[in-house]
Amino acid sequence: MGNVKIGERVQRKEDRRFLTGSGRYVDDLQLARVTYAYFLRSPHAHAKIRKIDTSKAAASVGVVQIFTGKDVAEAKVGGLICGWVVKDKHGNPHKAPAHPAMAADTVRHVGDTVAMVIAATADQARDAAEKIEVDYEVLPAQINLAGALDPKAPQVHADAPGNLCYDWELGDKAAVDAAFAKAAHVTKLDLVNNRLVPNAMEPRAAAAEYDRGTGNYTLYTTSQNPHVARLVLSAFVLGIPEHKLRVIAPDVGGGFGSKIFIYPEETMLTWAAGKIGRSIKWTAERSESFMTDAHGRDHVTHAELALDAKGKILAFKVDTIANLGAYLSTFATAVPTYLYATLLAGQYTTPVIYCNVRAAFTHTTPVDAYRGAGRPEATYVVESIVSKAAREMKIDSAELRRRNYIAKDAFPYQTPVALTYDSGNYAPILDQAMKLADYAGIDARKAAAKAKGKLRGIGVCSYIEACGIAPSAVVGSLGAGVGLWESAQLKFNPTGNLQILTGSHSHGQGHETTFAQIVSDKLGIPLDQIEVVHGDTDKVPFGMGTYGSRSLPVGGSAIMKAADKIIAKGKKVAAHLMEAAEADIVFENGTFKVTGTDKAVPLGQAVFAAYVPHNYPADLEPGMDENAFYDPSNFTYPSGTQICEVEVDPDTGVVDIVNFVAVDDFGNIVNPMVVEGQVHGGIVQGVGQALLENAAYDEKTGQLISGSYMDYTMPRADDVPSFKLGYEVTPCPHNPLGVKGCGEAGAIAAPAAVMNAVRDALAAVGAQDRIEMPATPQRVWAAINAH
Amino acid sequence: MYDFAYHKPKSVADASAAVKKASEGKLMAGGMTLIPTIKQRLARPSDVVDLGGIGDLKGIKVDASGVTIGAMTKHAEVAASADVAKAIPALAKLAANIGDAQVRNRGTIGGSVANNDPAADYPAALVGLGATVHTNERKIAADDFFKGMFETALKDGEIITAVSFPVAKKAAYMKFPNPASRYAMVGVFVADTAGGARVAVTGAGPGVFRVKDMEAALGKGWSADAVAGIKVPAGGLNNDIHASREYRAHLVTVMAKRAVAAAG
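Protein chains in written order, with our numbering: chain A, 1 to 787; chain B, 1 to 264.
It should be emphasised that the hints constitute simulated quantities derived from the structure, not laboratory data. The structure presented is a predicted model; accordingly, all values stated were derived computationally and were not measured. Do not rely on the hints blindly, as some may be mistaken.
What the hints assert, rightly or not - Chain B side only, calculated, beta carbon under 10 Å to chain A, not exhaustive: (1) Met1; (2) Ile38; (3) Gln40; (4) Arg41; (5) Ala43; (6) Asp47; (7) Phe176; (8) Ser244; (9) Val254.
Virtual Cβ for every residue (Gly too), placed ideally from N, Cα, C.
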């Protein structure tokens, strides 16, 4: 592999390893004297633990040790924390009930951790766990979100009265009410944003080692952000000093947000490894993933949109109840607030917006960020109500959007909900999407479908997202407990090849290719001379990890800064070697040149001189190894329009997606193939939410009914058509690559695009307001046949 | 999984003896249901008797009287058989749409029939075509073979050796898959046989059942319209998050119509 440029479709370096089964995941580790953990979990949604008898289990073959919640409490292990403080409408911090790593006296959801059995084999640990006798006093449980804030609802935590975590607001309520009073048209909408199970291909796993000689701990874990995991475990939970805890996230098979968080299992493994002085491994079974990986979405919303007679939006108000589950996961509080309400302006010039969010505890699995995190929920509300308004006002839904777009010369654009959009140009995106979708021909296609007894519909969704998550000062002012910059280190070896150490973490995104590609372009080094290193707190400078489409805009920018430092130092070395003034040195295509002459020193020669400094500037440090930290000045704001076309079979209720167009503005694109992969995957996840996926609980017992792939409908290849993609480029004005991020866009926009199409199809039989996600065949059939 | 003893006998007689002798013996054909349930600790057999070593149970025979399929014949083999496709195309097509490629290359007709999963495809074909189940002890008509959910007429130690299907004048199977598992949520097999029209439904109820009203209507005239107005009662049907009883009842009519049309 030679030099590559930004913008080339470079094949992913990591795929050979992944596709040939040569990846190294946590479960692949071979550790000396290893033991295996099995976690006994609550079968009840809400119960008091009267007594746990582990005596029979302790005598079971192969058992090394059993720990219960009581042991954890007595050892004063800290509870798991929520790292983002949201202040309610009165300025008070959110309710933060205790979240013990193992339940001591009360279980609060099916799957809550009750005991940890450590044995010589995984089967022996499970055999022993079956012999633990737990005496539960089963209590009434609150499963349903809509009823959670009812004063008579069963209480999840004594210190969160009424199950309310916070009652939060954003925007100017009085101004919104005044605008509604003058509106020519008001559209009202009630929506449910269905709960989703993340379903990473690799289940969560952990392995912990304790070195008695040094007192050092090592935790191997399926993490999207190993440094943050170390920080939280050290500073808040286990009290192991940061320099005595190494966290390694090796190859990780997908996360979608669910592997950002710190869970009970890796916490317990690390603690217990120190207690028993042996290594411990644990890999979740798929049913444990369903029960205990933090779920996504789960909102109930009422929204109202005020428009003037020409369809210009005057005001928007949104009232949402958000489900947080039984405990606060690591970033749970931020998702339905600062990652949600701040996006309610969408691509529009809506002058005033008010949003009220009440976050509720329920006896269900904790809910936290899942691909898009708040932004898909916001987009679903905005884009559903805009399409509904268009139908009510008999204005074409694309045209209504166009009338309300922020103009291209209005950037930077301050929205009424805190964000300042940095760049964008929305109308050409819509134009391209309409052309790719043959929007003009829909009436003929509807007529043709009708002739064969089918219902056709077309749906538009124009999304905005705030991603590239950072800057630290902004998120700090909103309650984040961490900074959101990123680190990079470019470490040359004397022979001229180099390692990129990044604080980002790749769990499928292709960083090993994309990051190498930008350095190959910038420094003129062949791709196969570049190795990307990530996921080990002992190797990589402190970093913040991967989520919120931040790796390239923030992590990539840090790499660019480090590369600038390499070039700056290289210039000094090259100037010395060529006996020229540093000011006369230019760097082009991997070579330092003296302007106006044919003198040249390749970068590799400067690197070698830096490590073998026999002939070297006297005032310059040896070595070619540069660190950079990058904290941007704003979020990035990718935008785009998706158009989905469906055909509904009214006899069965089956929705067939017959065409799907996505036109995105991700700023500059480093690797179009990687971007396409991200967009495809995101759209499929969004289609999954719209048509297929639903974390359904039994509302009495709190059992997760869709707790396996027999009942949880994952999207399959034959559920989606080939996508038609297009791009518009307005470079991000504030980062060195001009990039905006592309990881979440597909999942953010697709639910509204699909559902708008389904509603358009159902409008032919008057059923457009009777359908919620997922629009399964049964639900579509019921909507058509409800009279 | 829990510990169990494993046997791989060479003959049906040895297999029958082994399973009879065991305290909690289970016969294993393709293992497509048994292995997952053992792995999930939902089944705890003392002994597993693997039928995979018995050569007599494999193979497809087609003659003028019909199609006879050995119990250990895999779905993929039935799907790929040109002889089956010629004699009873609907049967080959049904086999080609069972599960996924992995299941079709492990799962067997005997295993599927003996397990009698209420959402399995083969029971619809057996009842729809009026097939006969051959065991080491006797022959059982399909109509008498399938009892309740996961229950059959098989006695302890009785082993299916083959299933024989008479050739129908025409037949078709139409499946509406469960969106998640892709088992039949409703599957309807229709056939115009020597003994009259037959309509067998799988997935919708606790077990495969016939719809006599539709059979009578098709007996008077074979057309999709003949069954279009006939509804099965929703009362006894399955009810879950994917489909209510009423929706399943509705789908039986829709799938029956489509199957009749597909049969031609």
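### Restraint outcome when Asp47 of chain B is required to lie within 10 Å of chain A by C-beta distance
violated, 19 Å
#### Entry: Hinted contact Ile38 of chain B with chain A - closest CB pair below 10 Å
violated, 12 Å
### Task
So, Met1 of chain B near chain A? Judge it on the closest CB pair being under 10 Å.
Met1 of chain B check passes; min Cβ-Cβ to chain A is 7 Å, inside 10 Å.
### Message
Hint validation: Phe176 of chain B versus chain A, beta carbon distance must be below 10 Å. Holds or violated?
### Response
holds, 7 Å
### Hint check, Ala43 of chain B versus chain A [nearest Cβ-Cβ separation less than 10 Å]
violated, 15 Å
### Message
Next item in the hint list is Val254 of chain B. Is there a CB on chain A closer than 10 Å to its CB?
### Response
Nearest chain A Cβ about 5 Å off; hint holds.
### Hinted contact Ser244 of chain B with chain A - closest CB pair below 10 Å
holds, 7 Å
### Query
Taking 10 Å as the limit, does the beta-carbon of Gln40 of chain B come near enough to a beta-carbon in chain A?
At about 8 Å, which falls below the 10 Å cut-off, the nearest Cβ of chain A leaves the hint on Gln40 of chain B intact, so it holds.
### Given hint Arg41 of chain B near chain A, where the shortest CB pair must fall under 10 Å
Since chain A brings a Cβ to about 8 Å from Arg41 of chain B, closer than 10 Å, the hint holds.
Hints 2, 5, 6, counting from the list given before, are not met by this structure.
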